[in-house]
Amino acid sequence: MKTVVIIGAGVAGVEVASQLSELGYKVALIEKSSYIGGKVAKWDHLFPNLRPASDIINSMEEKIKTGNFSVMVNTEITGGKGENGIWQLLTNNGKNFEADAVVVASGFGLFKAEKKEEYGYGIYNNVITSVDLEEKFKKGKTIKMTNGKIPERIAFIHCVGSRDEKSGNHHCSKVCCITGVKQAIELRNQIPDAEIYCFYMDLRMYGKDFEELYRTAQEKYYIQFIRGRLSEASENIDESLLIKAEDTLSGRPLKMKVDLMILLIGMEPGKETTDLGRNFKLGFDNDGFIKPRDIHLQRNLSSQEGIFLAGTCTCPMTISDTIDNARSAVIEVNNYLKNK
Amino acid sequence: MKKEGKQQIWKDYQKEIADDNYYFQRSCIRQNFFPGSEYAFLKIIKEELGKDIFDDARQTTCTGIGYHSDIIPFETTQTVVARHFALMTEKGYHNFVISCVTSFGIYSEIFETWKEFPGELEKTRYYLKKATGREFELPSNMTHASDIIYKFREQIFSKRKYSLVNKNTGKPLKIVEHIGCHYAKIFPRKGVGGAEFPQVLSGMIESWGGEVVDYPERRHCCGFGFRHYNVMADRGYSVANSKKKFESMAPYKPDAIICNCPGCTMFMDKWQYVIAEMENKIYGTNGNGIPVLTYEELAGLVLGYDPWDLGLQMHQIDCESLLDKMQIEYDPELKYAGKNGEKLEIPIQPNYVH
Chain B
163 MKTVVIIGAG VAGVEVASQL SELGYKVALI EKSSYIGGKV AKWDHLFPNL
213 RPASDIINSM EEKIKTGNFS VMVNTEITGG KGENGIWQLL TNNGKNFEAD
263 AVVVASGFGL FKAEKKEEYG YGIYNNVITS VDLEEKFKKG KTIKMTNGKI
313 PERIAFIHCV GSRDEKSGNH HCSKVCCITG VKQAIELRNQ IPDAEIYCFY
363 MDLRMYGKDF EELYRTAQEK YYIQFIRGRL SEASENIDES LLIKAEDTLS
413 GRPLKMKVDL MILLIGMEPG KETTDLGRNF KLGFDNDGFI KPRDIHLQRN
463 LSSQEGIFLA GTCTCPMTIS DTIDNARSAV IEVNNYLKNK
Chain A
15 MKKEGKQQIW KDYQKEIADD NYYFQRSCIR QNFFPGSEYA FLKIIKEELG
65 KDIFDDARQT TCTGIGYHSD IIPFETTQTV VARHFALMTE KGYHNFVISC
115 VTSFGIYSEI FETWKEFPGE LEKTRYYLKK ATGREFELPS NMTHASDIIY
165 KFREQIFSKR KYSLVNKNTG KPLKIVEHIG CHYAKIFPRK GVGGAEFPQV
215 LSGMIESWGG EVVDYPERRH CCGFGFRHYN VMADRGYSVA NSKKKFESMA
265 PYKPDAIICN CPGCTMFMDK WQYVIAEMEN KIYGTNGNGI PVLTYEELAG
315 LVLGYDPWDL GLQMHQIDCE SLLDKMQIEY DPELKYAGKN GEKLEIPIQP
365 NYVH
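As they're listed, the protein sequences go chains B and A. Counted the way our numbering counts, the first sequence spans residues 163 to 502. Counted the way our numbering counts, the second sequence spans residues 15 to 368.
In short, the hints are calculated from the structure, not lab data. These figures come from a predicted structure and were not determined experimentally. Yeah, the Cβ is synthetic: ideal placement off N, Cα and C, and Gly gets one too. Please note: incorrect hints may appear among the correct ones.
[Stated by the list, open to error] As a list, the in silico SDA-like pairs of lysine to any residue whose alpha-carbon atoms are at most 25 Å apart: (1) A/LYS25 to B/SER396; (2) A/LYS267 to B/SER396; (3) B/LYS419 to A/ALA254; (4) B/LYS328 to A/GLN21; (5) A/LYS16 to B/GLU297; (6) A/LYS129 to A/GLY184; (7) B/LYS274 to A/GLN21; (8) B/LYS274 to A/ILE23; (9) A/LYS16 to B/ASN398; (10) B/LYS277 to A/GLU18; (11) A/LYS267 to B/ASP400; (12) B/LYS277 to A/GLU343; (13) A/LYS339 to A/GLY184; (14) B/LYS277 to A/ILE200; (15) A/LYS16 to B/GLU296; (16) B/LYS277 to A/TRP24; (17) B/LYS328 to A/LYS339.
[As the list claims (entries may be wrong)] Some chain A residues close to chain B (C-beta under 7 Å, calculated; not the full set): (18) LYS16; (19) ILE23; (20) LEU101; (21) GLU210; (22) PRO230.
Full structure from sequences and hints, please.
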């Protein structure tokens with residue numbers, strides 16, 4: 163029986179493992195962390211319909227439970243080489259693998275908001291990221307300032323670490339716009355009297371129902387959208403924040419006091435993806451993600467024969483796009499192994 | 015405010031600061047407005063720290079103000095900078111220390127230009143040789159004078175006579191620090207602590223017992239802006255910028271402001287007088303303005319130098335409120351005395367703020 167090793171047990175990895183095992187391959191799913199689900203495991207609700215993220219995790223767990231493939235957590239690929247169509251993979255816990263095909267599904271990393279020093283993440287008390295906010299939502303916490311007060315004015319800052327030359331990321335992370343809209347609505351539900359502002363460059367509502375959610379956020383939830391990128395934030399004596407931006411629609415500089423600032427941080431290749439790309443000599447695109455063999459026709463093929471790519475190791479994607487991409491990787495792996 | 019967040023950023027922005035054997039590049043503005051600063055710097059480096067520093071009488075301006083006002087071409091500025099490097103080379107020094115933040119920006123910009131466009135360096139070598147017959151080497155280490163004081167801040171404090179503590183209350187003095195834009199905003203990697211949360215002056219304040227005031231407009235420009243004050247019609251912009259800062263820092267009741275840029279020191283000091291005359295608005299306590307000092311003057315006070323030898327009488331805003339809080343001994347009668355003790359004319363006193 164031909165063997166496939168899949169690296170990363172997030173949305174893409176579990177989907178690939180499930181489908182390939184259905185097709186009769188011997189599949190090993192390897193995960194570096196102690197849990198499955200990747201970033202989604204830490205998310206509370208999903209755009210565009212605000213369904214619980216646990217629906218996706220439950221579906222993944224069901225696939226693992228009913229599927230005929232092995233899952234190894236706390237296992238990291240530390241090296242590997244291919245010879246005569248067989249890939250030898252080394253791991254950190256001494257267990258090594260031989261595989262006829264390898265699928266890299268190592269996902270993405272998150273932009274470190276500290277790098278945008280001018281926004282003061284990690285320094286000002288009431289600056290958090292979209293990931294921090296989601297964690298608070300998931301834990302059922304009431305959103306408060308560090309002094310215990312309920313924030314009366316909240317600002318979401320879009321494109322933090324995305325489309326930003328200074329932080330070295332020119333690419334669009336694609337999901338942050340709609341994440342900001344979703345989180346603003348959730349905050350409105352929690353704090354009905356708060357003023358909520360979103361500072362954006364432009365809003366990329368390309369996905370199904372994204373535009374609807376954006377419109378609803380304005381009409382039903384009174385979220386204020388200001389087209390202007392933040393120049394800097396400072397902390398006031400009462401720990402609220404003074405933010406400066408330019409409202410580019412009115413063409414005027416803007417200074418505002420807010421109680422809480424949420425940075426919508428972008429997707430990056432992540433250390434795991436970069437390390438795997440280097441180990442297997444897969445090559446990188448300019449944005450640092452792993453480069454597919456052909457951006458139109460062979461998106462799941464890497465530059466190395468027998469190594470396939472699935473999900474956000476190649477570029478930012480939504481969950482739906484990740485699942486589609488994972489399924490197309492399954493077809494490529496199957497075609498490759500059938501003819502091998 | 016989380017201090018550990020800043021410390022992480024500070025770790026990321028450290029620079030190499032030479033230990034000894036400095037060639038000193040003076041500042042045009044500072045020698046005129048705060049003449050005690052460079053005196054104090056040289057005294058500290060030579061006498062307190064026992065280092066070798068060469069103060070060259072052959073220096074000229076770096077052309078910075080003319081350059082930023084668009085009246086000096088870049089080629090001229092490069093050649094003038096090259097001449098200073100040639101003077102350093104002739105004296106056998108490699109560590110270039112710059113007193114002025116405008117000059118520091120000029121030297122850093124030219125240094126980077128020569129790195130990125132070696133043709134400009136070759137052209138400048140040719141111009142300098144043709145004009146003066148001189149040749150030059152690039153310095154192996156280039157720092158602002160405040161970097162040196164920052165590096166040796168603990169050593170300076172070990173020789174202190176006073177610390178930055180309000181002796182009347184026993185609490186640390188609350189000090190606003192203001193970094194010149196051209197110190198770190200052009201090339202953040204060339205400033206200790208970077209551009210957003212610079213450490214060079216806050217490090218001195220904390221090491222000497224004071225408390226840094228973090229106020230919302232901390233990073234805002236002082237309003238110097240070259241063309242803003244050169245063009246009389248634009249001076250309102252300059253005052254407005256300083257005013258924005260004073261309004262923002264006032265609720266924290268700072269005891270003093272320290273700067274590492276001559277422009278910032280001058281305008282933060284003198285615009286307090288202008289704002290008081292225009293609006294009768296005073297930002298300090300008890301009817302006083304907020305004293306504005308250079309970092310060398312502050313270091314000099316910590317080391318016990320006489321305030322009048324440091325030139326504090328040259329400031330628009332009286333510094334006595336700070337001296338009294340630190341319980342520094344001084345003779346008020348000698349404030350406007352010459353070096354030989356002869357009484358000089360007392361300046362006309364302002365209407366509203368001292």
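Against the structure, the hints:
With a C-alpha separation of about 21 Å, the suggested pairing of A/LYS25 with B/SER396 holds against the 25 Å cut-off. Distance hint between A/LYS267 and B/SER396 is fulfilled; the C-alpha atoms sit about 18 Å from each other, no more than 25 Å. For the suggested pair B/LYS419 and A/ALA254, the alpha carbons sit about 20 Å apart, so the restraint of at most 25 Å is met. For a cut-off of 25 Å, the pair hint linking B/LYS328 to A/GLN21 stands: about 21 Å separates their Cα positions.
The suggested pairing of A/LYS16 with B/GLU297 holds, with an alpha-carbon distance near 21 Å, which does not exceed 25 Å. The suggested pairing of A/LYS129 with A/GLY184 is violated, with an alpha-carbon distance near 51 Å, which exceeds 25 Å. For the hint linking B/LYS274 to A/GLN21, the alpha-carbon distance of about 16 Å falls within 25 Å, and the restraint holds. Restraint check for B/LYS274 and A/ILE23: the C-alpha separation of about 13 Å stays at or below 25 Å, so the hint holds.
Taking the CA atoms of A/LYS16 and B/ASN398, the gap is about 13 Å. The hint holds against a cut of 25 Å. Restraint check for B/LYS277 and A/GLU18: the C-alpha separation of about 15 Å stays at or below 25 Å, so the hint holds. Annotation: proposed proximity of A/LYS267 to B/ASP400 holds, straight-line Cα distance about 15 Å (limit 25 Å). Distance restraint check for B/LYS277 and A/GLU343: the Cα-Cα separation of roughly 46 Å exceeds the 25 Å cut-off, and the hinted pair is therefore not satisfied.
Restraint check: the Cα-Cα separation between A/LYS339 and A/GLY184 comes to about 10 Å, which is no more than 25 Å; the hinted pair holds. For the hint linking B/LYS277 to A/ILE200, the alpha-carbon distance of about 17 Å falls within 25 Å, and the restraint holds. At roughly 22 Å between alpha-carbon atoms, A/LYS16 and B/GLU296 fall within 25 Å of each other, so this suggested pair holds. A hinted pair counts as satisfied when its Cα atoms are at most 25 Å apart, and B/LYS277 with A/TRP24 qualifies at roughly 12 Å.
Distance check on the hinted pair: B/LYS328 and A/LYS339 sit about 44 Å apart at the alpha-carbon level, beyond 25 Å; violated. At its closest, the beta carbon of A/LYS16 sits 5 Å from a beta carbon of chain B; the interface hint therefore holds under the 7 Å criterion. The interface hint given for A/ILE23 holds, since its Cβ lies 6 Å from the closest Cβ of chain B, which is under the 7 Å cut-off. Checking A/LEU101 against chain B: minimum C-beta separation of about 37 Å lies over 7 Å; hint violated.
Contact between A/GLU210 and chain B, as hinted, is supported at the beta carbon level, the nearest pair being about 4 Å apart and thus within 7 Å. Using the Cβ-Cβ criterion of 7 Å, the hint placing A/PRO230 at the interface with chain B is satisfied: the shortest such distance is roughly 4 Å.
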